[in-house]
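Let's have the full structure, built from the sequences with the hints guiding it.
In my numbering, the protein residues as written are 22 to 343.
The set of hints was computed from the structure by calculation and includes no laboratory data.
Take the hints with a grain of salt, since some may be wrong.
What the hints assert, rightly or not - Below, computed lysine-lysine pairings styled on DSBU-like, alpha-carbon distance capped at 30 angstroms:
| id | residue 1 | residue 2 |
| --- | --- | --- |
| 1 | 272 | 155 |
| 2 | 334 | 155 |
| 3 | 234 | 169 |
| 4 | 277 | 316 |
| 5 | 99 | 63 |
| 6 | 99 | 277 |
| 7 | 99 | 155 |
| 8 | 29 | 169 |
| 9 | 25 | 169 |
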Amino acid sequence: MMQKQIFKYGDADFARFEEALGGGAIPGDFFHCGVLVYNGEKPLAKASLYYNPAIHYVDDATAMVGSYRAEEDGEAVKLLFDTLQTEARSLGVHGLIGPMDGSTWENYRFHDNADLPLFLMETQHPAYYVQQWKENGFEAIAHYYSSKTNRLDFVSEEVDAIRTNLESRGISIRPIDLDNYEQELVRLHPFLLTGFESNFLYSPISLSSFLEKYLPLRPYLYAPFVLMAEDEGEVVGVFFCVQDFLDEVQKTLIIKTIARHPSARYRGLGHVMAAQIYASAREMGFTQIIHAFLKSDGTSTPISQHFFAEPFKTYSLYGKSI
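Laid out in structure tokens, this is it:
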């Protein structure tokens with residue numbers, strides 16, 4: 022007989038929810054409850070419901086569905102979503118979006134083609150997940166892509182001129198100080214809150230959560246691939262890149278995060294920083310660069326296109342009214 026159980030943080034058996042269907046630790050920020058559907062001792066579907074009051078979709082409060090895992094069992098998935106919707110309505114929201122683990126600082130989006138090989142920082146899921154969501158009333162509300170290039174020989178007199186102009190006005194670019202990594206993250210935190218605040222479904226992240234998320238990355242970073250731009254001691258730009266350690270065929274660098282201060286004073290800064298990343302990657306023997314997780318109409322798209330990158334993967338975020 023199919024049954025469901027609702028979990029809250031602190032429940033004595035919360036680990037049962039986390040571990041079901043091969044899941045792991047559940048992000049705690051904005052977590053409202055977890056729902057597990059099972060038959061006997063066999064788990065069939067689960068998801069977390071998050072409520073982040075800073076996130077609105079179409080000017081309305083919404084909840085998020087994340088930590089999704091499911092077997093190919095339509096009845097179980099329907100019971101899961103029916104339960105999630107009931108819980109969401111109790112919060113006074115009128116929509117669900119997902120997959121999203123509480124905010125865009127955490128995992129979100131489904132692959133449009135989940136059978137393609139993964140690169141580092143992508144999440145793996147069965148291809149049938151998308152159809153399960155569509156069968157329960159979800160439609161795509163945003164589209165994203167990753168692009169790649171094997172052309173690292175970028176040369177541009179225009180970008181060189183922009184660099185010279187920026188330097189003449191006291192704007193400098195330097196690698197992150199990994200010996201003082203935590204202090205550097207503390208400096209980056211307020212800048213990123215400002216740099217991302219115009220992004221789709223943006224919400225702020227606390228300093229403690231930011232450090233918890235990024236401090237563990239320290240062993241995988243190489244300073245020339247994490248660049249900070251500064252103007253009179255203030256952070257005004259950042260490029261965050263990491264090697265794709267999953268790629269066993271060639272040496273690939275992933276550009277994960279691009280942000281700059283919105284002032285016109287820093288126009289062209291992103292292109293200058295990208296050119297520096299390309300030059301460092303070429304010098305270190307990298308043969309491919311991936312521009313990861315770009316929104317189809319986002320501000321980072323021109324940089325990706327200017328630096329020879331072509332889309333090779335797409336992703337979607339889904340939503341529905343309830």
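Going down the list of hints, with the structure as the test:
1. 272 x 155: Violated. Residue 272 to residue 155 sits at ~37 angstroms, over the 30 angstroms cutoff.
2. 334 x 155: Given that 30 angstroms is the threshold and the Cα spacing comes to 20 angstroms, the pair holds.
3. 234 x 169: 26 angstroms, holds
4. 277 x 316: The hint holds at about 12 angstroms.
5. 99 x 63: Holds: residue 99 and residue 63 sit about 17 angstroms apart, inside 30 angstroms.
6. 99 x 277: The given pair, whose Cα atoms are some 35 angstroms apart, is violated under the 30 angstroms limit.
7. 99 x 155: Within the cut-off at roughly 11 angstroms; holds.
8. 29 x 169: 41 angstroms, violated
9. 25 x 169: 43 angstroms, violated
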